[in-house]
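Those sequence lines, one after another, are chains L and E. According to our numbering, the stretch in the first sequence is residues 60 to 376, in order. According to our numbering, the stretch in the second sequence is residues 287 to 572, in order.
Don't take every hint at face value.
Distance ranges between label pairs, derived from CB positions [unchecked claim]:
| hint | chain 1 | residue 1 | chain 2 | residue 2 | range |
| --- | --- | --- | --- | --- | --- |
| 1 | L | 260 | E | 566 | 41 to 51 Å |
| 2 | L | 97 | E | 464 | 46 to 56 Å |
| 3 | E | 400 | L | 97 | 42 to 52 Å |
| 4 | L | 299 | E | 406 | 43 to 53 Å |
Computed footprint of chain E on chain L; a stretch qualifies when at least three of its residues, placed anywhere within it, have a C-beta under 8 Å from a C-beta of chain E [unchecked claim]:
| hint | segment |
| --- | --- |
| 5 | 342-351 |
| 6 | 355-368 |
Because the hints were derived from the structure by calculation, they are not lab data. Predicted model only: the values in this text are computed from it and were never measured. Just so it is clear, CB atoms sit at the ideal spot from N, CA and C, and this is done for glycine as well.
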Amino acid sequence: MHEPKSERGLTFKSYFVCAWFVILSVLGVVLPEGPKSLIIHIMALCIFAMAYDISLGYTALCSLGHAVFFGMGAYIFVYSILKGSLGFLLSLLLSLVGGLTVGILVGLISVRLTEAYFVIVTAVIYSIFHLLALNLTWLTGGDDGISVEIPGYNLGVFYLSVYNKSVNYYLVLLVFMATYLFLDILTRSKLGRVLVAIRENEKRASFLGYNVFHYKLSSFAVSAAFSALAGGIYALSLRYASADFFSFHWSILPVVWCLIGGLGTLYGSWIGVSLMYLFQYYVSSWWHFYLLIFGVLILFILRYSKGGIVGYIMERL
Amino acid sequence: MTQAASDLVFLVINGLIWGLIVALIAIGLTLIFGVMGIVNMAHGDLYMVGAVVSYYVSKFLDNFWLSLLLGPLLALGLAVPLERIIVRPYAGNPSGSMIATVGLSFIIQQLALAIYGGVPNKIPDPMEASILLFGLSYPTYRIFVAMVSLTILGALWLFLYRTSLGILIRATMQDREMASAMGINTGRILIITFAIGTVLAVLGGVLAAPIRQVFYLMGNDVVLLCFIVVIIGGLGSLKGTFITSLLLCSLEGLLSGFLPPVLARAVTFGLMVVILLWKPRGIYGD
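Put together the whole structure using the sequences plus the hints.
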């Protein structure tokens with residue numbers, strides 16, 4: 060909710076984003092294999108977080124169903140390589156388009172409902188898809204999942220394969236940057252301004268003559284499309300997809316990321332993703348009941364983070 | 287009656303009795319939403335707590351019936367701090383309350399995993415008898431469950447519609463601000479409502495324990511079913527919730543005779559989508 064109002068806020072935003080991009084580009088050269096895949100995962104999840112921010116941060120559509128789009132994107136990616144024998148770039152594009160389609164379908168059911176119905180219905184949709192993913196093992200492979208071998212592109216002098224860690228790293232970085240630039244332009248366009256107007260006062264926006272349903276649906280669909288792209292990227296980096304991609308974590312984590320970083324900022328969620336990823340990486344390895352801490356964390360963050368970390372910084376600029 | 291027909295009757299009665307338990311839980315959910323504006327994701331886990339209590343009581347005290355008393359007492363003890371500390375700040379904020387109760391749900395589940403363990407257990411049938419129903423031998427305990435559920439729901443109806451406290455609760459349900467302006471202590475009403483909802487969920491768990499397996503994630507399935515019921519019946523509508531839970535559970539019971547449970551659930555989900563497209567606020571919603 061903290062738009063950079065002042066000149067200094069804007070400068071902070073551009074410095075932060077530039078620094079983040081530069082650091083990530085440099086890290087790709089310096090880091091050894093292990094930490095590199097850690098950063099790859101974080102970047103993939105950042106795409107997911109930004110996509111979710113469009114829905115919750117910019118339009119106040121609190122969806123608990125985004126795991127559906129994430130998992131769908133992953134499976135579309137895996138299947139377009141396995142059955143369609145497409146290259147990975149085309150498969151990623153298919154994930155995006157597939158996510159957009161599913162997003163529109165789910166949005167048509169849910170977006171025009173009131174707030175309480177919307178959260179519940181998205182949660183129900185998530186549960187049904189998770190149940191189906193767990194049980195239709197012939198399609199999804201269940202918890203074991205489906206592995207995929209990703210063919211590369213032969214560019215004559217250079218064989219572009221994601222099995223080369225650096226290629227994988229810079230591919231994800233490129234998609235991540237492109238997603239940010241696209242969504243940043245989108246949120247500063249007329250569409251983005253109307254979405255913010257709907258978030259602030261839905262009734263007033265509709266009195267001003269905006270078709271609230273269409274705007275909410277577009278926001279939801281864009282959010283779903285990029286969540287699916289994130290799912291595809293994640294499947295590309297892990298080279299497999301499983302029913303776990305539909306699990307509740309992937310529905311609740313985006314909320315937590317955006318709340319930690321600051322709603323409606325796009326780049327704020329990157330901080331949320333990084334902190335939560337490191338938290339999960341370290342805590343889940345030493346304590347079996349780390350979900351307990353996660354639950355407490357959700358309660359605390361929801362209660363005490365007004366504008367997230369970015370909001371905190373903005374107030375002091 | 288032919289074998290096929292009596293099988294069908296058996297399935298429907300099973301579904302109907304399960305529907306009465308679900309009605310207890312779902313009515314708690316819808317009451318809490320109606321009065322407080324809170325969507326309680328942890329409601330299914332309170333049901334699980336009830337089942338776990340009845341497992342421990344039957345194991346250590348060797349008497350299942352005591353859990354019908356101890357369960358609600360524990361629920362009352364839980365409800366007050368939960369309402370004050372976790373739920374109250376989100377009154378009237380459905381999305382916020384949903385996320386907060388997701389956190390609560392994780393906490394309850396992990397505590398249950400730590401204390402109770404991750405292995406599903408079965409409780410022996412406390413009545414170990416069966417009666418003849420439509421030419422079928424049917425476990426007496428299930429009939430008893432149906433009677434108890436109906437009694438509790440009847441008592442709740444009497445409480446809400448025939449006592450002065452019930453009138454205050456319904457007034458708060460209609461318009462909290464106005465009720466508060468009329469001098470009703472709405473803070474107290476919120477606590478009472480949350481306590482009623484919690485007790486109903488825990489009682490549902492206690493009653494269901496001998497029928498279902500006691501497992502620390504058993505609440506997830508029930509909360510999903512309750513959400514579908516509440517969405518179809520209309521959020522905040524007690525009548526709609528009651529009727530829908532009976533109809534939906536009988537339908538699922540019937541379908542489970544022909545389809546795997548996942549597909550039966552998918553059919554009810556499809557039904558929910560169709561009804562939402564037709565009536566975005568459920569059948570009995572305002």
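Notebook entry, point to check: Against the structure shown, which of the earlier numbered hints fail to hold, in ascending order?
Noted result: Hint check: 1, 3 and 4 fail, others pass.
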